[in-house]
Amino acid sequence: MCGIAGLWAFSLNQVETVEASVSRMVTAIKHRGPDGQGVWAHPEIGLALGHARLAIIDLSETGRQPMTSSDGRWTIVFNGEIYNFRELRAELASAGKSFRGSSDTEVLLEACAAYGPIEAVTRCNGMFALAAFDAERRELWLARDHMGIKPLYWTVQDGKLLFGSELKAIRAAPFNNVRLDMDAVASFFRLGYIPTPQTVYLGVEKLPPGMCVRVRADGSTERSQFWSLHDVARAGLERRSLSDNDAVDQLEALLTDSIERQMIADVPTGVLLSGGIDSSTVAALAQTTSSRAVRSFSIGFGERDYDESGYAEQVARHLGTDHETLVVDAAAARDVIPKLPDMYDEPFGDSSQIPTYLVSELTRRHVKVVLSGDGGDELFAGYQRYSHAMRLKSLFGNIPSPLRRAASQVLLNTPTGPLDRFAARMLPAAGQRLGTRARRLGDLLGTSGADDLYLSLVSQWSRRENPADRDGVRQKSLEHLFAVPLSADFLDRMRYCDSITYLPDDILTKVDRASMAVSLEARVPILDTRVASLAWRLSPDQIVRDGVGKWALRQVLYRHVPSAMVDRPKMGFGIPVGAWMRGPLREWCEELLDPGRLAEDGILDPVAIRRKWTDHVAGRANWQYPLWVALMFQAWRNRWL
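The opening position of the sequence shown corresponds to residue 92 in the working numbering, with each subsequent residue numbered one higher.
The reader is advised that the hints may include incorrect statements.
Calculated cross-link-like contacts (lysine-lysine; reagent style BS3-like; alpha-carbon spacing at most 27 Å) [stated by the list, open to error]: (1) K121 to K484; (2) K703 to K430; (3) K121 to K430.
Keep in mind that the hints were calculated from the coordinates and are not lab data. These numbers come from a predicted model, not from an experiment.
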């Protein structure tokens, strides 16, 4: 696990300038690789590649990057792990390749030399972002792993290519020319993250999962998709013929193999254990593959409604793991907030970034590599919103469209104050939020179909209220993400949409930045492409049974942990940020959301934001999620603009 960066000045033959620039880019992301930094430069064409090393496999000098192939043709910088590197190494050795060290980087490099970059990454089982230079053809190849576990940002501007593991690497280059992309800002307010390929800067892109880009010396680029989840999902849906026993047996075998591969390292390893289905499955199978107690880690909070540590400890005792729990108070969690704009160097609105950072910090005190359970909710339909969406779709389908649209307009145009006052007097059990709930129902009733309904459910700000899109024209780019010609089945489409949007751009981004901020490598065995392929072969009844998701995954876990120990409503990985906004964070919020300041910036609509802030502080509504998005944008803006 590392950080990579590079610069190719197509018309600039000043290698010293380029090399010094890339050195600064690498320094900006040295938290990703504190074990050493290196820069390689081509003396003739103005190209430099940089690397910040977190030594995991082959800790010796033979594992250092940038690394050049044995034939001298290829040079690589690589962030990630190749879990089938031993098989690839044996295959290459049988074809006559010799190796200087034992790293997976060298195997990947020699695979590029033997097969070409596209064939090499297609053969890889792993997580990666890489840049590989072909000196003979004077071409640079960029690639990102199949599921988007590792990040890669890139841009071609003003006759130069810039790329890096984080945007701060590109910002560190003296040649960068970044400008705010208001379409991306509107997307951020809608979703709470910026969807691929957008970034917060015009002309700077996230490389999509499963994608390669070939860059030539004249600055031209050519994109190639070496792996597509859409193709895998479609092929799987056409082969849904597994019996229940075969489905569970195959899933357990693949997960066990994935976890066993991902436990390989030359440094201490562990697992994150929340006590939920996904992390408990990973911990259980990790323990079955290990000859000694696996290290496991969880985090607990003083606020009981947000504390799952007791469940994790119960599972750990049953499995026999060597478990560590960090209990943090609200002050410790709030102390993380000032670090977030640097950690997430584009706006990022998922408040579970805070506990993710805290558990990473705890874990890094003991191990250098950790396995997490991320990906299970998307592949196996674990989110509660799936069942909510399906119930609403069924309900709305029984209401004629004209009546539904009329009801939507009535609810959206009714002032919330009278409804809240009526609820306070006549329906005290409903609290003072009847008006807020009516507005939300109005938004949902006004959706144009199932896919639009789902986009509305996952939105932090509605299209109508989006403070970064006053004229309503900046959000059309989202519609294609949630209108998927994959399957007629609504659950399939929701799982797929989450897997190509929310998973890489929220969940995996959160884990990557939080873990790499403390130089911890986080691995995600559930996102092995073989597991993903199998998940799409399961029948709907093997995904959701009796209204409960993750049926097949639960059956695997029940072979190792009693069902009563893990079957409970999904809690999520959150913090009481809404209550903090009314209390200890209020002054910070007031400063960032000051209407005069918002109006002066001219980026956001202060009226829309202040309306939600006023309702939230008064207790009439809990707008913690959309307000957190606004706060994170403002905090990011203060740091980076």
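Cross-check of the supplied hints:
no.	hint	result
1	K121 to K484	48 Å, violated
2	K703 to K430	25 Å, holds
3	K121 to K430	16 Å, holds
Taken one by one, the earlier hints fail for this structure only at number 1.
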